[in-house]
Structures are given as C-alpha cells and as structure tokens.
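Going down the list, the protein sequences come from chains A and B. Under the working numbering, think of the first position of the first sequence as 1, with each following residue one higher. Under the working numbering, think of the first position of the second sequence as 452, with each following residue one higher.
Keep in mind that the hints were calculated from the coordinates and are not lab data. Take every hint as true, because none was put in to throw you off.
Negatives, chain B to chain A, calculated, CB over 12 Å:
| # | residue |
| --- | --- |
| 1 | Asp484 |
| 2 | Pro550 |
| 3 | Arg555 |
| 4 | Asp558 |
| 5 | Thr562 |
| 6 | Val567 |
| 7 | Glu634 |
| 8 | Arg722 |
| 9 | Ala766 |
Simulated coverage check for chain B against chain A, where a stretch passes if three residues somewhere in it have a Cβ under 8 Å from a Cβ of chain A:
| # | stretch |
| --- | --- |
| 10 | 465 to 477 |
| 11 | 624 to 631 |
| 12 | 677 to 687 |
The model shown is predicted, which means the values in this text are computed figures rather than measured ones. Just so you know, even glycine gets a beta-carbon here, dropped at the ideal spot from N, CA and C.
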Amino acid sequence: MTGSTSDPTAVTHGDRLDHWVSSYATRARSMTASEIRSLFAVASRPEVVSLAGGMPFVQALQADDFADMVAALIRDRGAVALQYGSGQGDVRLREQISSEIMTPVGIAAHPDDVVVTTGSQMALDLVVRVFCDPGDVVLVEAPSYVGALGVFRAYECDIVHVAMDDEGLNPVALEEAIARVLASGRRPKLIYTIPSFHNPAGVTQGAQRRSEVLSVAKKHGILLLEDDPYGLLGFDGPYVDGSAPRAIRADDADGVVYLGSFSKTIASGLRVGWAVAPHGVREKLVLAAESAVLCPSNFSQLTVSQYLATQPWTEQIKIFRELYRERRDALIDSLAALMPEGTQWTVPQGGFYSWVTLPEGLDSRAMLPRAVAALVAYVPGTGFFVDGSGTNYLRLSYCYPEPERIREGVRRLAGVIEGELELLNTFGRTPNASNTKGSDDLVQTPPTNLL
Amino acid sequence: MTDSRVLVLAGGLSPERDVSIRSGRRVAEALRDNGVEVEVRDVDDSLLASLRIDPPSCVVPLLHGAAGEDGALRDVLDALGVVYVGSSADGCRAAFDKPSSSARLRDKGITVPRSVALPHAAFRELGAAAVLEAFVGSLGLPLVVKPSKGGSALGVTVVRDASELPTAMVGAFAYGDTVMLEEYIDGTEIAVCVIDDGTEVTALPAVEICPDGPFYDYQSRYTAGSTEFFVPARLDAAVVAQAQRIAIAAHTELGLRDLSRADLIVDGHGRVVLLEMCVAPGMTETSLFPQAVVAAGRDLGEVVATLVEVARSRARS
Chain A
1 MTGSTSDPTA VTHGDRLDHW VSSYATRARS MTASEIRSLF AVASRPEVVS
51 LAGGMPFVQA LQADDFADMV AALIRDRGAV ALQYGSGQGD VRLREQISSE
101 IMTPVGIAAH PDDVVVTTGS QMALDLVVRV FCDPGDVVLV EAPSYVGALG
151 VFRAYECDIV HVAMDDEGLN PVALEEAIAR VLASGRRPKL IYTIPSFHNP
201 AGVTQGAQRR SEVLSVAKKH GILLLEDDPY GLLGFDGPYV DGSAPRAIRA
251 DDADGVVYLG SFSKTIASGL RVGWAVAPHG VREKLVLAAE SAVLCPSNFS
301 QLTVSQYLAT QPWTEQIKIF RELYRERRDA LIDSLAALMP EGTQWTVPQG
351 GFYSWVTLPE GLDSRAMLPR AVAALVAYVP GTGFFVDGSG TNYLRLSYCY
401 PEPERIREGV RRLAGVIEGE LELLNTFGRT PNASNTKGSD DLVQTPPTNL
451 L
Chain B
452 MTDSRVLVLA GGLSPERDVS IRSGRRVAEA LRDNGVEVEV RDVDDSLLAS
502 LRIDPPSCVV PLLHGAAGED GALRDVLDAL GVVYVGSSAD GCRAAFDKPS
552 SSARLRDKGI TVPRSVALPH AAFRELGAAA VLEAFVGSLG LPLVVKPSKG
602 GSALGVTVVR DASELPTAMV GAFAYGDTVM LEEYIDGTEI AVCVIDDGTE
652 VTALPAVEIC PDGPFYDYQS RYTAGSTEFF VPARLDAAVV AQAQRIAIAA
702 HTELGLRDLS RADLIVDGHG RVVLLEMCVA PGMTETSLFP QAVVAAGRDL
752 GEVVATLVEV ARSRARS
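Okay, chain B solo, but in the shape it has when bound (with noise of 0.2 Å):
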C-alpha cells in the first residue's frame, strides 16, 4: 500500500557519489521544511524489493552520473510502476549522452560548439597521433576534453597546447569509453534553470559563474568560496531572454521533465552557445539549481514539492 512517503535516493556507485549525497540531503531537508514526509536511501540490491513492499508515493531520484541519469533507474521505476520527480527515461538517454545531444539541438537550430567524439578504439585503429592533429586542425586550440557522459566536470580539461592533449585524453578515458573534444568558447559561463509544473514550463533566473581558477572544475563547484556567483546574471536583458528560451527549448526537444539544468557560454559577440543539458541538477549547498530557485523568489522545498505534485498527478491520469 502506497503512503504519502517521498522516497529520495541519493549516493550509488558513480564518482559523484559525495554530490549525490549531499544533494538527497539538502533536498530531503528542504521537503521536511514544507512538512513532506522523507526518506532517504541509497541505491543498492535491496532497492527493488523495498520498493515492492514498501512503495513511497514519489521517488525523487537525486543520482548523479551513469546509474541517476542514463535512464536505467528509471526504466526500472517505471517497470515497478513507482512514480518519480525528472525526467523520463528516453529523456535522459536524449540528454545523457552528449555527442547525439548536441547533434540533435543543433539540428533544432541551437547554437552549441562543434565537436568531434570517438571511442579509444577508433583512436587506437587509425593512430592516436593523426587523429588527434586533424582535431586540432578543426577545432583549434584551445579545446575541450571530457568524457561522452557524466557531470561535474570530472575528467574534463582545458587544451591550450597539443602537447597536453595525451594526458587529457587519458584522464577523460578514465571516465569513459568515449571522449569528447570540443570547441573552446570563451565568454561569460551561465546556467539557466528549467521548472516544468506541467503546465508551464519556465526558466529561472540565470546564474553567472566566475570561478578563481581556470574554468569550472570540480574543485570550483563544490568548495564553497572558490567560485563567484551573480544571480541573476551581468548580462543584457536581451541575452539572458536569449539563453532562457533557448534552455526552455532544449528541455523540450530532448523531452525532458519537471527540471533540468541548461549550461551555456556567452561568447564576447553575445552569441549564446549551450554546452549541455543536465537532466539532475546537483542540489547541494554550492549548486547552481537552488541558488537559481531562491533568485526566483521560491524556496526549494516548495518547488520539489510542487513537482512531487506534478509526479503524482502524472500517475494519475
């Protein structure tokens, strides 16, 4: 018999575990502060028969990298009939994976870098050297490297020089099986928050990053102080209009649900380039989803409650 339980999952196996943590733990405290009944649990091989026995109301799931945002989880959720916060299924397989992400927005007429991504075989067949000096060739330097899939910037580097290129490329190899190189833009770094109550679907306010160190590393997401934030961002009106339309569009030609994160450059022109779309925003004390909801003029623990809400009128009809 189903309860009026929400059941938050934060933790499992990937290496933004600690993010994922801290995330369930914000999010469940902010849900109590709305009076919402919480649990949170991590995802290990009792979670299905839990699940079964004690089904909550709503899963929020709070994962981060593979098991929380290729769609696994969810398939299963669905499978077990257990309702959840986020998006779908095929909507976070749309959005996971970069390389056919950014292909099929900038189908859509999105702005976003080129790029190229190759698995190590590839590399390994045609000869890492020649490769990697055609991409050079295409994209300049510098460039980005960084895994297919995953977040927080794990894996990622900045390529000013060719010769780094060997190392970064086995650092984003250590995250993955493809690797991703990626035009660098340099401009002012944005994030644009998605809500989607169901009914609308609007954009937050945009926040601006300004890391102190080179770009916006693990280490400058989640060490509080080492990163400034402006919210709502130093932009033109006009340009934050721009990136707000285009983070609404994005969420919904990848058909994503309820929330996501749009993270984009603004070039020197204003040119408006979106990275990638994030279909679980971290939500912990440095992340950019609540600092985004709070410049809105909501509190968190309403907003997921509004979409624990919206999940459940979803089961319904």
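Bound-form chain A, shown alone (with noise of 0.2 Å):
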C-alpha cells in the first residue's frame, strides 16, 4: 500500500451549499438545525419513553368502525369529499361545531361565526396575520404553547410573557404588564391565553378568574385569543363528571377569539379545527384563509362531521377521559414515588401535561441528551418561553404512553436529574448562564412530535 495525495489546484471557490442564502428574508435567519432538535428524532425511537409528544392516543378509536365510515363517505359522497370546499368551512361541520360541539362549553355562536381551519394552529396562524404587524405587542402565559409562540414569531410580534400562578394567568400580573407596555408608548394587540388544562402548565382556570381576565382585557380593549384544545377532556376535580370549564368566549362573544380543535377529541391526523370570531374578524379571518390554502381539506371535513353524525363520539371522549385520567394517575404517583427532593410538578385536571419543577440549579436543555441516552425524553422548559427563561422546567406528557411505559420513563428520567444533581454538586453552576443557545430553536420551528 502506498500513501499519495490529490492535486490540490482546482479553482478556489467559497461554497455556501445554499444558492439562496442572501435571498432569505429576515425572519428565516434563525430557522436553523439544533442540537436539541436532533435529539427529538431518537426520542421517536420505540425504545425510548417519550413523555415529550402530545399526541392524543388514537389508539384508542375504533379503527373498524372509523374505517367503514370513512369507506361509506368517499362511496356516497366522494365527489364532495375529494372536490375544493369552502374557505370558511364545510356549512354542515360549522352547524355541528355550533350546535353540538360548543354547547359543553357554554358557547352559543351562529354557524357563520365559525371558520373551519387545517388544525387550530392554522387558526392562530389567521389571527396573528390579520392583527399583528412586526414590533406588535402580544401578551402570553409563562410559559405559553410552543406552537403559538412560534407563530408569533413567525409574524415578528414582540411577545411579552405575563405570570401565571396555581390557577394559570394572573390578573394582576397581567394589568402589569400592560402598563408597562403602554407605558413604553405601545398597546398590546393580543393576549393569548389556554384558559383550560394548559400546555404546558397543567393548571386550569376557575370561573372567577376567567372573569379577572376577561374584565383587564375588556377595559384596555385588547382582544383575547382562547386557545382551548384540551376543554372537554376534564377528568378531575370539578370535571371529574365530564363537565367542561365554561370558555371565556361564552361570556364575550365580541372580545374573545375562540379556538377550538378535534385534534385531541378525535384525531390530530385529520388536521380539522375552527375559529370563532366576531363578525368582522371573521371576515378577515376567510379571506386570509382563502390566501392561504384556498380551503381546509374537504375530506377531512366530511369525515369529521360524518364521525360526529354516525359514531358515539360523546361515548368516546369518555373513553379518552377515563384513559388520560389513568395515565395522569400514573405519572403523578411515579413521580411522587421517585423524584428527588426538591422536584416540584403541577398535578391537573384534564388536558395532557404536568409541569415539572426541578431542584435549584439544573437545566433541562443541557440534561435532555443524557435523557435520551438513558432512553427517556421530555421537553425542556425553555421551549415555552421566547426570554431565555426556563431552564429549570420541563414539561411532561402523558397522553401517548401506557401506565407501565410513564412509569419506567419516571423511573428513567429520576435516575437522570440525579446524576445531574451529581455533576452540580461537583461542578457548581454559573451564574446566569446555562448551555442553552438562545431559546428560539424550539420555538421558532418547533417539531411536530412535541406540540
């Protein structure tokens, strides 16, 4: 074997790999690969337990029947369900939403009210666009959904976290807040709220502090977005009997945004959810759609309202409720069982998430790769804030696992905090810094698998 070498004399060129690079508008600069999203993709891995996605558990819908009804729509209706529809939405569905879907939630709107959307992302996506120009002010929990910080990103807004407490969004913290921005010479377009089962937070807002809310955001005239996914899937406390907390939207049809969603209640694949709006906004909210994608996906539509006249859809979101009830059981008696002292976490009443607190000192982000080495993943607290807070929560599902999986994932990730503990008390930490590289990758581009 002999050693030889390349003529090195070709022309000198700088490559970018990326023609386009200097075309790029501004706004994708920081849409880049991460380390922690890399992450993300091992955590799909079978034998990882992943406390990381909120995927509702479709598992558990009646497969045999949900195909025969999809079988009957395409042979009845097939010229219907596979043709362009409407921009605002499928006329029966938006009947169904209003009529049927809403009444648990104290909302009572006309069907041309509603605008039917591709999930109720695509929702929140049409109401930044149509109020918030770059620099607008927009008021969201801490922590707050990461998908919805990445739309206000994504617009440019300047967002501006509010505190929450036991029972989510503070009404002091918020009229704050407010003053501070309209002490700067501003006034806050939106203020995002997940009054019900929060993600990530867990809480959920009682009656009277909806009504706190909803009376800051009328007297400064700042329009409420209610982002509420997760409200008929109570199982505890109050909604222990499949009762679900009244919407915001209930008690001001003019000064709330309404956004609901079948993700959760029957499945995120069909990518089916809706706005309601005031009569103007919703006008708005059409055309934007109609720029967007022309219309929501008619087939998905007619499954949907199909599953809603043909199955026992009440039945199985009683089913999903006695499900996530079981799995909630689960992760809170595991980690109360095996968390280390000084570990903290937020035990609700419906929805999917607890928040978890960890001991003084650690950090989520720079843990997660030694998570998943030990085959559990979750998804660190920075993600659900733009301000580089954070670093001490994570957030956990436990929606998708079964009972036995959430507990060896607990069993999994206590191990994990207390080797961090470990590198601590050896290392000590530094001040005011952490190994996380700005907070947005996350919230800029999140993946799907943890929204």
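Two chains, two separate frames, one set of hints: put the complex together.
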C-alpha cells in the first residue's frame, strides 16, 4: 500500500451549499439546525419512553368503525369530499360545531361565526396574520404553548410573558404587564391564553379567574385569544363528571376569538380545527384562509362531520378522559414515589401535561442528551419561553405512553436528574448562564412530535 | 443466500440519528444512480435476524455516535460473516476514543493538541475547582471542552473565560462519562478525507471550513448556508500536502480501512495540527466527505460502489 496526495490545484471558490442564502427573509435567519431538535429524532424510537410529545392516543378509536365510515363517505359523497370546498369551511360541520361541540363549554355561536381551519394552529396563524404587524406586542402566559410562540415569532411580534399561578394567567400580573407596555408608548394587540388544562403548565383557570382576565382585557380594549383544545378532556376535580370548563368566549362574543380543535377529541391526523370570531374578524379570517390554503381539506371536514353524525363521539370522549386520567395517575404517582427532593410538579385535572420544576440549578435543556441516552424524553422548559428563561422546568406528557411505560419513563428520568444533581454538586453552576444557545430554536420551528 | 443487494444502515439511537438518516438517504441515492441495488434500514432488535435470513452482499454502516463508531456493531457483523464497508471493529475503537487516539498519534510524531481527559468521578474525588484551575494553568485559555467520544460537535464548547467552565463541563458530560479539555488552536480549520481502495491510500482535496459562528458547531454543520467551504482549501500547496500526508499517516497508524476523515487546524505559523479522526464521515448535503469527493472529480456513488467492491474482495480473499 502506498500513500499519495491528490492534486490540489483546482480553482478555489467558496460554497455555502445553498445558492439562495442571500435571498432569505430576515425572519428565516433563526431557522437553523439545532442539537435539541436532533434529539427528538431519537425520541421517536420505540426504545425511548417519550414523555415529550402531545400526541393523542388515537389507538383508542374504533378503527374498524372509522374505516367503514370513511369508506361509506367516499362511496356516497366522494365527489364532494374529494373536491375543493368553501374557504370558511363545510356548512354542515360548522352547524355541528355550533350546535353540539361548543355547547358543553357554554358557547352559543351562529354557524356563520365559525371558520373551519387546518387544525387550530392554522386558526392561530390567521388571527395573528390579520392583527399583528412586526413589532406588535402580544401578551402570553409564562410558560406558553410552543406552537403559538412559533407563530408569534414568525410574524415578528414582540412577545411579552405574563406570570401564572396555580389558577393560570394572573390578572394582577396581566394588568402590570399591560401598564408597562402602555408606558413604553405601545398598545398590546392580543392576549393569548389557554384557560383549560394548560399546555404546558397543566393548570386551569376557575370561573372567577376567567372573569378577572376578561375584565382586564375589556378594560384595555385588547382582543383575547382563547385557545381551548383540551376543554372537553377534564377528568378530575370539578370536571370529574365530564363537565367542561365554561369558555371565556361564552361571556363575551365580541372581545374574544375562540380556537377549537378536533385533534384531541377525535384525531390529530385529520387536521381540523376552527375559530369562532366576531363578524368583522371572521370576514378577514376567511379571506386570509383563502389566501393561505384556498380551503381546508374537504375530505377531513366531511370525515369529522360524518363521525359526529354517525359515531358515538361523546362516548368516545369518555373513553379518552378515563384513559388520560389513568395515565395522569401513573405519572403523578410515579413522580411522587421517585423524584429527588426539590422537584415539584403540577397535578392537572384534565388535558395532557404536567409541568415539572427541577431542583434549583438544574438545566433541563443541558440535561436532555443524558435523558435521551437513558431512553426517556421530555420537552425542556426553555421551549415555552422566548426570553431565555425556563431552564429549570420541563414538560411531561402522559397522553401517549401506556401507564407501565410512563412509570418506567419516570424511573429513568429520576435517575437522570440524580446524575445531573451529582454533576451540579461537582462543578457548581455558572451564575446567569446555561448551555442554552438561545431559547428560540424550539420556538421557531417546533418539531411536530412535541406540540 | 447472498444476493447483490447492498444494505445501508442508518439511524440508530445516538444523538446523531437524524444526521445518520440523512447520510444514509444520500448514499443510497448515489449508489442507485450507479446501478446498485440498495436497501436502507434502521438498526433495531430485528436487524440480526434479518441479516441471517436475508443477507445482503455488503453492508454500508452510516451510523454515527457510539453504535456506529465504537466498533460494537462491526464486531457483530464480523461474527455473522457479513461483509461491510469501513474500518474494522479494532480500527473503530482506536479512533473513536479521542484521548487514546490522540496519544497514539502523538507517539507517532503527529502533532495533536495538548489535552487531558477525566471521568466525572475524578473531578468529584479531587475537587473540580482545583482540577479545572490546574488544567486552565497548563492548557491556557481559551480551551475546548468536549466529550471523549462522539461527533457533530455535540457537547463541545470553546471556553474563553474560566467562569464558563462549569457549564461547559456539565454540557459535555451530558454526552458521555469522560470529558476532554483540549488546547485551543487558533487557525484555519480543514478536513482531509481519505479513500483506501485496497491498493492505494489517497487523500482527497482539503476542504476549508469557515463557519459564520464562532466555531464549527452542530448548527454550522447542518444548516445549509451557515458555513462557507473552500475546496480546495486556500492554503499553500505545501501546507495542504502536509495535511494530506498527516491524514494518510493517521489513517494508516490507527489501522483504518476504506474511508476516513481527518479534522485538522492550520495555525498562523503553518503548523498542521490533527484534531481527530472520524471512521464514519457524514454524508449529508452539508457534509465534508461528499464535497471532497466532488472536488477530486469523482462521484459519491462511484466512490462508495468502489468501496463496496473492495469490501467484497476483502471477504473473498
């Protein structure tokens, strides 16, 4: 074997491997590869207990019945289901949303006030598109839904976090935040809140709290954006009997835009959600929707409509509620039994998530590679903030893994946290520093398996 | 019965899973373009049964991180009598553990950065503050903190102030049990890929790496547009030739086979320093090996197909 070298005399040139690099919009600059996103590729492997993703347990649906229903839909109404539809959404589905789906949360809305969208994520996008110019202030909870933060970021909003407590968005803190924004010569455009079974915090606003939050919004004339994907999935406390928290929109038709979704109550793969909005707002949302996608999927809409008309959907939601209650119990019981001292968590009365506070000094984002190596995944708290905070929090989802897997996942996670505490004891911590290279890579483009 | 099918292994459980999947997809397409029948699959608990029942003519392991580069998988392939492209298990082990690889190459006269490597237990027993202070004294600042194993710059931090060390250490230990502290070499970063076709070990043109950020980190590696590459590198021909000789020497000394990549730095005095050797170079759209192949006037699919033939010949002999 002999050694030789190639002739390095070719023309020297620089190549960025992307010919359009100088053409991208400024907002695309932060759309980059990230270590943290790469770890979620591993979390999809079956060996890993993923307590990260907010994926509903669609295996609980009656698959054969669903298949028969879809087959009948195509056979009987295929020419409609496979065709373009209305930009505002299918009339029959909007009627069902008005007359059946929103009744439990107390909303009485005309079908004309409903805009069907490609998941409520699209509804959120449309609302921000029609209301927010770059630099406009949006008030969000601390922490807030990563997918919403991504939308606000995409439209270059100035996102201001507002403190929460055990009952969700704190109205005093909200008032103070508004005062600070007003004092800076600006006026907030939106208040974004998830009042029921919050993602990621797991807390729920009571009736009094909702009233106080609404009062603050009305006092300052700020539109309230109420995101309610989990409202029908209560299973404990006041909601143990299946009753749903009354929506804020139920008490103010003009000051609130309500976002709903079938992703958690039927199936996320259908991508059907909706917005209920005041007349003028609704008109703009429809025009914006037509501009974005022409119309939401007719096939998905008719599937949902047919499901509501022919399948025992309220019974199915009961099955989901019981299933998620059992998994919530598995998570909370395991946390209580296994977590190191100094760890705290919320106990949700519905929905998918518990919000965990780590012992002081730990950084959930820096800890994630160790967790994935130990075959357990979670979402670091930094993903739910845009200001670099949240390092000592993490979100755990109990919706997808079965109880035994949840217990195993918590056991692994406890070991990871103990190992991290040992490292902290050895090396101490750097004041005001973390391994986070900016908190916005998850916010900018959250992987779908953690929404 | 073995058929002519080539099996590309990509994925695995390492933090570089996503990179591996992209590498696998790219190599598979390149091989297909060269008329090779290719299957791509992940590594899981059904792999061995599959290899026994339906053995391919050759495996191309494109797994990064421990499972792909520590030699374990290749030991298993050897045990099953499965032919594969790339270094043997022993070669992988020699290169994958950076402290021992570095020491071995230093003994052979190759210039590598001064470094130390310690497990967490050593820091705990001796007192981290005192140990780190000693290393800052001996290595100076800035210095590089990195896991002793693994690639894609995961867990790597360039520490410019001693107060940043605790966070950097915790970040590196997140990726492994032993952490390396390495002298920081300021200079031009280059990569030299090596192809070993069984008759000749050839160094491809050097790729010069100019990241927009402070160093060639994960983001710079896998975000198209965030790093500017110059192929061949804008260096004196003599320096490039020296880097190529070092890459070949390291490849040979560590007993590597078929292909490897040397990561080097050329400092302001023209001194060529070898940072590390990689036995499973990335093959993604932004990776260095495919760029070097193109710069050499070759085609990625043709090169990998040649290495497949080399592996098959090795098995026959």
